[in-house]
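Enquirer: Residues per chain, in single letters:
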Amino acid sequence: MRNITAAASAAATTPSPEAAVEVRGICKMYADMEALRSIDLDFPAGKLTTLLGPSGCGKTTLLKIIAGLIPATSGEVRVNGVPVTGPGPERAFVFQDFALMPWATVMRNVAFGLELKGVGKDERQAIAHKYIAEVGLSGFENKYPHELSGGMRQRVGLARAFAVNADVLLLDEPFSAVDEQNRRKFQEDLLRLVELEKKTFIFVTHSIEEAVYCSDRIVILSRRPGRVAQIIEPEIDRTASPDAIRRDQGYLDTVEEIWQGLKRYVD
Amino acid sequence: MSAPAHANGSPRAIPGAGASSFWGKLLEHRTALWRAASIGLFFLVWEIAGRIPISFAFPTFLETARAFLTMLFDGSFVAAYAETLQPLVIGIAISAVLGVGLGVLMGLSRFAEWLVAPVFIVLQAAPMAALIPLITFVYGIGLVSKTLAVIMLALPVIALNGYKAVRHVNPSLVDMCRSFQGTWWQRILKIILPDASPIIFAGLRLGLAAGFIGVILAELLITPTGIGDLITYHRSVADYPEMYAAVVSIILVSTLTLSALEAFEVRVLRPEKKKG
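Keeping their order, the protein sequence lines are chains A and B. Per the UniProt record's numbering, residue 1 is the first one in the first sequence, and the count goes up by one each step. Per the UniProt record's numbering, residue 1 is the first one in the second sequence, and the count goes up by one each step.
Calculated directly from the structure, the hints in this document are not laboratory data. Among the clues, some could well be false.
[Unchecked claim] Taking lysine-lysine and the BS3-like style, the derived pairs with C-alpha atoms no more than 25 Å apart in a straight line are: (1) B/LYS273 x B/LYS25; (2) B/LYS164 x B/LYS190; (3) A/LYS121 x A/LYS143; (4) A/LYS143 x B/LYS273; (5) A/LYS130 x B/LYS190; (6) A/LYS47 x A/LYS143; (7) B/LYS190 x A/LYS117; (8) A/LYS199 x A/LYS47; (9) A/LYS117 x A/LYS185; (10) A/LYS199 x A/LYS130; (11) A/LYS143 x B/LYS164; (12) A/LYS117 x A/LYS143; (13) A/LYS121 x A/LYS47; (14) A/LYS121 x B/LYS164; (15) A/LYS121 x B/LYS190; (16) A/LYS130 x A/LYS117; (17) A/LYS185 x A/LYS199; (18) A/LYS185 x A/LYS47.
This one's a predicted model, so the numbers in the text were calculated from it and none came from an experiment.
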């Protein structure tokens with residue numbers, strides 16, 4: 001485990017591969033409530049970075065600013081060097097509540113990003129078909145969301161984000177509405193997909209175990225107003241089996257250390 | 001359960017399966033059965049009440065049914081509905097287009113809400129029957145007045161439901177559409193309208209029901225034509241079974257129209273409800 005303190009993590013000194021997403025001096029005010037205070041972060045390309053913090057620390061707000069869904073009060077986000085002014089094709093979002101259209105089948109939901117871009121029906125269905133298989137939902141193409149379990153619904157949300165072939169995937173607490181057993185299976189599948197898709201993942205969660213298990217890098221935000229408190233790079237051998245990772249001493253130590261750091265924010 | 005039954009292998013499976021399929025069938029049609037029973041019970045109570053009789057002007061169910069069939073086959077219903085449906089269809093069509101349009105506009109724009117919503121809130125609260133004589137002053141006793149009566153009753157509820165429907169669209173779906181760079185029109189046509197459609201259609205159903213009230217009020221209060229004429233005429237000559245048959249016919253037509261609208265909604269806009 002490597003512990004990069006906030007002070008040492010000044011963007012230029014980070015010895016990471018090139019950053020896919022750069023966050024510079026982001027502040028966010030809601031009326032007179034300060035949600036985020038001068039956030040500076042780099043998200044390395046091809047890695048999974050987690051935003052972790054106590055509830056109300058603004059981690060979802062930061063993710064939505066990166067997505068271009070809400071404007072920052074000041075500061076700038078650059079994706080592949082281009083400043084963000086709104087949602088763009090190089091980013092895809094996975095929603096906490098899945099955001100599936102209840103009136104559309106799994107197939108139409110997964111292909112929806114392509115439908116909006118005007119991709120022809122046969123082509124977009126072929127692409128959707130591939131990603132439905134990749135997330136393990138083959139055979140469910142013609143089901144409606146209410147016929148699926150929570151875990152399966154989020155797989156649809158993930159396939160929809162993959163289908164538009166964005167470079168950066170933004171996941172807003174994707175497993176929080178999924179039950180514990182499905183969540184574990186889903187986390188394992190997610191790691192396989194990170195490996196397979198070679199995309200940059202930014203992942204918001206409030207689960208320490210989830211963050212340590214899935215991430216190449218963990219950014220810990222402090223309580224409101226949200227600031228970068230700590231950056232941790234867990235060095236866990238991911239070639240080991242999922243069960244071995246969960247018993248790994250490095251994994252357990254990292255979980256413990258993050259908990260010790262976060263404990264003071266919990267009332 | 002006796003020992004020989006066990007010797008046969010599965011002791012309870014066979015009779016169990018038979019019984020469960022019988023109960024299964026019954027359960028499948030249970031709601032239909034209850035509905036039929038409830039209507040049957042209502043007719044029975046009506047028949048008994050007619051035979052007591054509670055009033056000399058209250059015909060029995062069988063008398064009414066006989067009058068209903070006679071009027072159905074001698075063409076008096078056909079002629080009456082040909083007239084009644086004109087203001088109703090025109091009025092509902094105008095109310096639906098205008099109401100859904102204005103409602104969606106109010107839902108999307110604060111300015112439109114501020115401009116239009118108060119008018120409809122007042123109109124919805126106003127006792128429309130009191131305004132009908134006013135319409136006749138301005139527009140006479142023709143088709144225009146009757147159509148206006150339908151619109152005045154149907155439009156506010158359709159517009160206000162459309163407005164509420166759009167305001168209650170799942171914000172996360174709207175965000176989803178934005179995050180995949182949907183255009184303004186795509187957002188409205190592919191997300192907002194389908195997501196709002198259950199409440200919009202609830203408004204259309206209420207509007208249609210209100211439209212039926214409007215057209216009958218108009219036909220009773222302005223000039224007796226169509227089905228309003230049938231009711232007024234048969235009352236004046238004391239043909240009570242015929243009068244009741246006319247009333248029953250309008251209830252029947254309005255119920256069937258509302259069911260058809262519901263079936264249309266499920267078929268076209270919300271296919272997922274067909275399966276569930």
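Enquirer: Now look at each hint and say whether the structure bears it out.
Expert: Cross-check of the supplied hints:
Under the criterion of a C-alpha separation no larger than 25 Å, the hint pairing B/LYS273 with B/LYS25 is consistent with the structure, at around 22 Å. About 18 Å separates the Cα atoms of B/LYS164 and B/LYS190, which keeps this hinted pair within 25 Å; it holds. Annotation: proposed proximity of A/LYS121 to A/LYS143 holds, straight-line Cα distance about 18 Å (limit 25 Å). Proximity of A/LYS143 to B/LYS273 is assessed by CA-CA distance (about 12 Å); at most 25 Å being required, the pair is judged to hold.
A C-alpha spacing of about 24 Å is found between A/LYS130 and B/LYS190, which places the hinted pair at or below 25 Å, so the restraint holds. Straight-line distance between C-alpha atoms of A/LYS47 and A/LYS143 comes to about 33 Å, which puts the hinted pair past the 25 Å bound. The straight-line distance between the Cα atoms of B/LYS190 and A/LYS117 is roughly 13 Å, inside the 25 Å bound, and the hint therefore holds. For the hint pairing A/LYS199 with A/LYS47, the CA-to-CA distance comes to about 7 Å; that is within 25 Å, so the pair holds.
For the hint linking A/LYS117 to A/LYS185, the alpha-carbon distance of about 32 Å lies beyond 25 Å, and the restraint is violated. At most 25 Å may separate the alpha-carbon atoms for a hinted pair to count; A/LYS199 and A/LYS130 meet this at roughly 17 Å. For the proposed pair A/LYS143 and B/LYS164, the alpha carbon gap of about 29 Å is over 25 Å, so the pair is violated. Our distance criterion of 25 Å between C-alpha atoms is met by A/LYS117 and A/LYS143, whose separation comes to about 23 Å.
Only pairs whose Cα atoms come within 25 Å are accepted, and A/LYS121 paired with A/LYS47 is rejected, the gap being roughly 32 Å. For the hint pairing A/LYS121 with B/LYS164, the CA-to-CA distance comes to about 33 Å; that exceeds 25 Å, so the pair is violated. Our distance criterion of 25 Å between C-alpha atoms is met by A/LYS121 and B/LYS190, whose separation comes to about 15 Å. A distance of roughly 18 Å separates the Cα atoms of A/LYS130 and A/LYS117; the hinted pair therefore holds under the 25 Å criterion.
Restraint check: the Cα-Cα separation between A/LYS185 and A/LYS199 comes to about 20 Å, which is no more than 25 Å; the hinted pair holds. Between A/LYS185 and A/LYS47 the CA atoms are separated by roughly 20 Å; this keeps the pair inside 25 Å, and the hint holds.
In this structure, the earlier hints numbered 6, 9, 11, 13, 14 are contradicted, and the remaining ones agree with it.
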